[in-house]
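Engineer: Listed below are the residues making up each chain.
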Amino acid sequence: MSRIGVITFPGTLDDVDAARAVRYAGAEAVSLWHDDADLRGVDAVVVPGGFSYGDYLRAGAIAARSPVMGPVVEAGRAGMPVLGICNGFQILCEAGLLPGALVRNDGLRFVCREVGLRVEADTAWTSAFTVGQQITVPLKSGEGRYVADAATLDALEAEGRVVFRYTEPAPNGALRDIAGISSADGRVVGLMPHPEHAIDALTGPGTDGLGLFTSVLRELTAAA
Amino acid sequence: MTVQSSPPAPSSVPPVDTVERAAATPDETQPHAALGLRDEEYARIRDILGRRPTEAELAMYSVMWSEHCSYKSSKVHLRRFGDTTTEAMRARLLAGIGENAGVVDVGDGWAVTFKVESHNHPSYVEPHQGAATGVGGIVRDIMAMGARPVAVMDALRVGPLDAPDTARVLPGVVSGVGFYGNCLGLPNIGGEVVFDPSYAGNPLVNALCVGVLRHEDLHLAFASGAGNKIVLFGARTGLDGIGGVSVLASETFAEDTGRKKLPSVQVGDPFAEKVLIECCLELFGGGLVVGIQDLGGAGLSCATSELASAGDGGMHVDLDAVPLRAADMTAAEILSSESQERMCAVVTPENVDAFMAVCRRWDVTATVIGEVTDGDRLRITHHGETVVDVPPRTVAHDGPVYERPYARPEWQDALQADTVAGRPRPSTPDEIAGQIRALVASPALAPRTWVTEQYDRYVRGNTAAATPADAGVVRVDEAGGRGVAVSIDANARFCQLDPRVGAQLALAESMRNVASSGAVPVAVTDCLNFGSPEDPAVMWQFAEAVAGLADACAALGLPVTGGNVSFYNQTGSTAILPTPVVGVLGILEDVARAVPHGFGAPGDAVWLLGE
Amino acid sequence: MARVIVDVLPKAEILDPQGQAVARAMGRLGVAGVADVRQGKHFELEVDDSVGDAELEHIAGTLLANPVIEEWVVRRVS
Amino acid sequence: MARVIVDVLPKAEILDPQGQAVARAMGRLGVAGVADVRQGKHFELEVDDSVGDAELEHIAGTLLANPVIEEWVVRRVS
Ligand SMILES: Nc1ncnc2c1ncn2[C@@H]1O[C@H](COP(=O)(O)OP(=O)(O)O)[C@@H](O)[C@H]1O
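If you're matching them up, the sequences are chains X, W, C and R in order. For the first sequence, the numbering used here gives the first residue as 1, with consecutive numbering after it. For the second sequence, the numbering used here gives the first residue as 1, with consecutive numbering after it. For the third sequence, the numbering used here gives the first residue as 1, with consecutive numbering after it. For the fourth sequence, the numbering used here gives the first residue as 1, with consecutive numbering after it.
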């Protein structure tokens with residue numbers, strides 16, 4: 001069975017949810033601890049949401065520099081699938097695995113709401129969707145406004161690395177309505193909304209989010 | 001203010017008011033009145049001790065005998081809850097009134113604990129931090145039962161939406177509730193926002209927390225077993241929230257080194273609390289805790305005296321061991337500090353190392369500050385001298401009890417007589433349209449999304465219903481699907497008209513909300529927000545509301561498992577509307593069968609139940 | 001036009017969770033020699049020359065800082 | 001021990017909604033004459049004398065500020 005690591009930093013909140021999503025998709029969830037020096041042989045990694053270290057300095061800033069992120073960055077650069085959700089996306093940007101940064105919502109308030117997303121790229125984490133497909137997942141963040149300089153944004157669009165865009169104007173003011181992006185090889189993906197909260201109609205808006213986890217599983221089994 | 005080094009060395013040790021010194025200087029005057037103690041209360045303390053209290057003892061008694069901690073005006077009335085609770089009503093209770101929070105058996109070996117508490121005044125002074133630390137406090141109460149906190153709710157009451165100060169208070173309170181709850185990873189599953197002029201100078205912030213545990217994980221607050229260690233863990237102790245006790249400090253410190261008037265606000269650190277939750281759960285899981293108590297209002301004064309008086313021995317605590325955040329804190333200050341995110345545990349000596357190892361893993365500061373002793377005294381030392389030597393019960397439980405006079409106010413009849421019957425009715429289409437417009441534009445009926453969008457309701461993945469549902473529903477057991485529904489309600493205008501019936505209506509509303517989510521109501525918590533108990537009219541409202549609620553609970557077979565009384569909610573001599581907020585907990589055997597809010601599919605029949 | 005800087009910090013006796021989190025992080029990240037960190041806010045204002053010191057003090061104490069828990073310093077830099 | 005201040009501001013080309021909100025609030029409160037507000041962070045560090053300028057610059061540029069979106073100034077005050 002494919003083994004997908006889920007990292008817990010002090011202050012991580014959605015690790016139980018991410019692990020549940022991994023299990024629902026049919027893989028084994030392996031807990032990784034912020035202090036771990038290696039990835040315990042996992043095939044892919046999820047960096048879940050929350051407020052690592054309270055997000056006091058900048059969202060994700062301190063977590064990006066913790067011991068476990070060394071091997072994550074290395075493995076991600078070498079092609080291991082890595083998914084950063086919300087705080088995890090912020091951490092991947094702070095760690096330099098993804099370009100740009102996430103800053104305070106333009107409305108200056110935390111926003112918790114179900115949002116529509118358009119899947120715009122075929123990546124390790126979106127292969128179960130068709131490009132152009134719309135999905136609904138919860139967004140819940142105070143620092144979710146994606147920013148990067150114009151050259152970076154142009155490059156992301158030109159290279160097909162904008163993975164998710166809000167279907168309505170971004171509730172946080174994200175530039176070009178960007179909700180999620182990927183690395184150049186499409187293996188590392190980060191997004192602000194929470195697919196792991198959309199895996200069961202009982203507790204979320206539906207099951208659209210499960211697609212990210214089944215995508216990577218398919219990827220991993222095809223490679224094996 | 002350093003974080004990594006050891007406590008700052010005292011640079012100018014102030015004279016320590018020891019027990020010995022207190023005995024030798026019986027005539028030294030003490031500022032008991034400034035600390036809120038009445039002359040006869042002060043005399044009683046001297047009686048109990050057979051001497052004048054030391055400064056530190058005076059600080060402890062004054063906070064513990066305050067209205068907030070001792071329930072001195074409400075106790076005689078609250079007994080009614082106990083008196084009307086039958087054995088049958090208690091059948092599901094694993095812990096009831098008197099513990100940090102009530103614990104209810106929900107089946108399959110699972111238990112749920114829940115409680116609502118007020119943080120009204122601090123939320124007026126500093127809305128964001130006041131509301132945030134209100135959430136933090138109730139969450140620690142739930143943790144102290146051995147439970148994992150799983151959801152929060154908030155019942156808010158503020159002045160009219162267009163009152164100038166509401167623009168300061170409401171956004172601050174909402175951002176504070178959201179900041180703390182979101183950062184802690186607790187879904188917010190419901191609450192209320194009510195506008196009324198009586199809250200303009202005295203908003204109400206009532207926070208509720210729900211926790212889940214297995215029966216065998218229940219922990220109670222007591223310190224037993226001589227030789228067991230007292231461990232203080234979590235944040236360092238600082239000068240925050242000392243408020244009233246700064247009177248003592250200004251006497252101790254000379255003018256030039258004198259403390260500035262200390263603010264009575266506390267700043268919350270939800271990240272520290274999140275780590276504390278995980279750390280506590282690991283400690284409970286490892287069987288490393290004999291007894292545990294959270295540090296809330298009254299800080300160490302409360303934790304040490306309550307743990308000691310609930311145990312079977314005495315206790316010795318050494319304040320020099322307490323990790324401090326500020327230099328030169330006096331014993332009185334250390335004992336009264338309301339620094340947040342702290343817990344106090346009783347640990348057997350052989351488990352201390354394992355306990356410390358868990359705390360290190362979570363980067364939580366933990367320190368042995370004392371031990372359970374033979375005998376029945378709480379003895380506290382500072383700088384090597386004894387500064388407190390008291391029977392702990394006299395601090396924690398045997399405070400004053402008042403039978404405050406109460407009387408139905410003269411205006412009550414006129415108020416009740418003033419019905420809508422005499423009001424002009426709209427008759428023309430224009431008038432009717434005008435009324436509809438007024439209703440639609442009323443803040444009372446406006447959607448609450450501006451508030452609820454600032455709260456995470458998805459985290460932990462167990463929320464089966466939250467806004468806009470009538471009751472919040474969370475799954476307790478992922479495998480079995482068992483869950484609970486909670487609602488929190490009050491209608492203070494009804495209570496103003498008739499406090500007895502008003503309180504009953506609050507219960508009925510809350511119960512209906514829970515029932516209509518498909519759950520079976522099983523237990524009640526309440527937060528009784530009133531004006532000054534020294535006002536006989538307010539005291540009457542209080543007595544009526546308690547009696548009404550107790551009787552209704554008895555009639556419906558629902559036990560009150562715990563709650564909170566908040567008095568002195570008034571602006572000048574004008575009290576707020578009597579506001580008994582009632583929370584009801586219900587059980588769902590299968591959350592998947594919770595009844596959704598709103599109409600289902602086209603073609604479904606619509607029924608009206610009741611008259 | 002003058003340029004005015006207002007620095008706001010949590011009062012010394014008030015908990016500064018942000019500063020503490022940064023200080024602890026430094027220890028863990030192997031940055032040695034930093035004993036203490038306090039974190040506050042930094043404002044840069046462009047103001048008309050007509051705005052006097054008393055008014056700046058007022059702006060700082062009502063809008064930029066929360067006097068209940070913070071202290072601040074106003075300085076003109078040009 | 002030396003005391004070091006690090007001020008961090010959003011880069012000029014990055015939208016600063018916090019600063020703008022403050023600027024708008026001034027207008028609403030009838031404070032005239034403030035043309036522009038930018039809001040950033042202010043850090044005060046207590047550091048050992050052994051910590052050199054290069055190291056301070058490194059701490060600021062890798063931890064206290066995010067060079068993608070922020071600029072910073074380090075100064076020793078004692
Ligand atoms: N302060 C609050 N915190 C969390 N949820 C709230 C709050 N106020 C209202 N809500 C939620 O918003 C929804 C609508 O509230 P309300 O308008 O009071 O509904 P109702 O009149 O049906 O009780 C409910 O689900 C309620 O729990």
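Some hints could be false.
If you only want the chain R side, here are some residues facing chain C, beta carbon under 8 Å, derived [what the hints assert, rightly or not]:
#: 1; residue: 14
#: 2; residue: 20
#: 3; residue: 21
#: 4; residue: 25
#: 5; residue: 41
#: 6; residue: 50
#: 7; residue: 54
The set of hints was computed from the structure by calculation and includes no laboratory data. None of the values given here were measured: they were computed from a predicted structure. Built from N, CA and C at the ideal position, the CB exists for glycine as well.
Engineer: Hints first: check each against the structure and report whether it holds.
Structural biologist: Right, here's what the structure says about each hint:
| no. | hint | in the structure |
| --- | --- | --- |
| 1 | 14 | violated, 14 Å |
| 2 | 20 | violated, 12 Å |
| 3 | 21 | violated, 10 Å |
| 4 | 25 | holds, 6 Å |
| 5 | 41 | holds, 6 Å |
| 6 | 50 | holds, 6 Å |
| 7 | 54 | violated, 13 Å |
The structure does not agree with the numbered hints 1, 2, 3 and 7 stated previously, though it agrees with the rest.
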